[in-house]
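S.K.: Sequence lines, in order, name chains U and G.
Under the working numbering, the first residue of the first sequence carries the number 1, and numbering increases by one thereafter.
Under the working numbering, the first residue of the second sequence carries the number 1001, and numbering increases by one thereafter.
Derived by calculation from the structure, the hints in this document are not laboratory data.
Hints may be right or wrong, so weigh each one.
[What the hints assert, rightly or not] Under 7 Å between C-beta atoms, here's a sample of chain U residues computed to sit facing chain G:
| # | residue |
| --- | --- |
| 1 | 41 |
| 2 | 77 |
| 3 | 81 |
These numbers come from a predicted model, not from an experiment.
Every residue gets a Cβ at the ideal spot worked out from N, C-alpha and C, and that includes glycine.
Number of protein chains: 2
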Amino acid sequence: MRVALLSGGSGGAKLARGLLEVVGPDRLTVVANTGDDAELHGVHVSPDPDLVTYRLADTIDERGYGIRGDTWEVMDALEAAGRPVWFRLGDRDLAMCLIRTELLAAGERLTDAHAAVVRAAGVSARVLPMSDAPVRTHVTARGRTLPFQEFMVAERAPGPVDRVEYTGIDQARPTPEALLAIAAADVVVIGPSNPVVSIGPILALPGMREALARARAPVVAVSPFVGGRVLKGPTALFCEHAGIPLEAAGLPDAYPGLLDGVVADEPLSGLPARMADTLMSSLERQRRVATVTLDFAASLTAARPDSA
Amino acid sequence: MRVALLSGGSGGAKLARGLLEVVGPDRLTVVANTGDDAELHGVHVSPDPDLVTYRLADTIDERGYGIRGDTWEVMDALEAAGRPVWFRLGDRDLAMCLIRTELLAAGERLTDAHAAVVRAAGVSARVLPMSDAPVRTHVTARGRTLPFQEFMVAERAPGPVDRVEYTGIDQARPTPEALLAIAAADVVVIGPSNPVVSIGPILALPGMREALARARAPVVAVSPFVGGRVLKGPTALFCEHAGIPLEAAGLPDAYPGLLDGVVADEPLSGLPARMADTLMSSLERQRRVATVTLDFAASLTAARPDSA
């Protein structure tokens, strides 16, 4: 089965790793959120595409971001020079950003620049930025509007959130590669990532909802809610702002009109659903959630009137 | 005495260090060649301004370039990723380039971006890029035309040199800060740097020769030739191309109409000259050459008809 996965950086990245295990690199395309991208320390940082890439390369840090065993020589030098280093990039992580930055400066598209990072990481699956145009998520809270990374990392996400804006979204479009992957997929998976700030920007791209509606494949969401909670703190903050309850039952409303089914660890009504343990704390668990998701999608396809 | 020093990265940088010792940071301004600048690894590299800065900060590497005790994590990561790393930047050196690159990307002038590097290095003297506009020295040799760093570092300077071009020079101008430093100086020193590729671009800036001619201070060149030789191999290559003999006697022709005097370790006719040991292999020697140069300049000023 050819899989197109819409993903943020954490839960979605883990599911990507599980899918890689099940379908192999040739059949996996990840369309990753770039709303968290930022220009920091003079380089173009793409947190979500990079985390997916490092997860697929099995080089991800124990903390779930950055590269395992990385060093901090450059950040230490910047700090010693009195520069703001609230966003700390390891040296190898920075090297990947330099590759991307150099190619962007040479006029290449973000898609091609990130493809070089993916190659550099030794990953054969495709990890596509959702758009080549800049989209920057901004968060308004407590009277201040900040770029996403600054809100999350420098300010440590002081809620409640009053407003989330995807700056630049009106001028942005999904990349041809992303649209092709969705059109050609046997299943489109919406990963267990933050529905507001990770999946939200992808779906808000002009033309993306239409592309998903046109896709011949079923669209299946894997719930980011595990045991009635979210695994990462800020997701709750943004769901609260968006009025999304922290349970799988909220997903059809979070993704209105888009879903053919949901994989979750709790029952759900109104949409086809598959119950499964969705905790992905190990590669084995990631593989298992991927298998359940693909099996569920296959059953949805088989049940379609036109599938005979 | 207020000193304005025109400088490349090696001999000129050493003289800058000696001058710093003698006149202190408040009276020293270095105008550094940016014809060697390059965009590499996604960052803006300014070899000559940086080497002067590191020399003034006493952090320069034993090899005479880069920062002492630097590490190579990022370059190693780029190399492991299969990227070209013929130009190797240490991690701390890279951090300085990131500071400059970030500020340039934010729309600041190269002058202000490099000033941040100078501050970061803890240097109080001014190290000014010669121009805020891009000037890129290109070298033609053996039928190929290459940017300077690529010719020197990647190709290891395969002579003979057929042509040297300062691309962008016609659109470039000296910075207001550089012009002011020259106008306000009590002595303008042309450092013992490569006359063709280090001092050449500075003098070729439209308006620079006029500014030097207008300066009330004497213009004194310190010879880059020591014991009838050049200390750095490529200088010979470029002098040969430009028809400049490797001796102090060639300097008046190399800098036609510009000089009021020459400091050299060999006798010279036709221009006021001061003989001195110009080898600057230690801080003490750098200080001594600086002292001789300033003393010589003072004698030239005193001898002027209008100085009484």
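S.K.: For each hint, tell me whether it holds in the structure or not.
M.R.: Results for each hint:
1. 41: 5 Å, holds
2. 77: 4 Å, holds
3. 81: 3 Å, holds
Taken one by one, the earlier hints all hold for this structure without exception.
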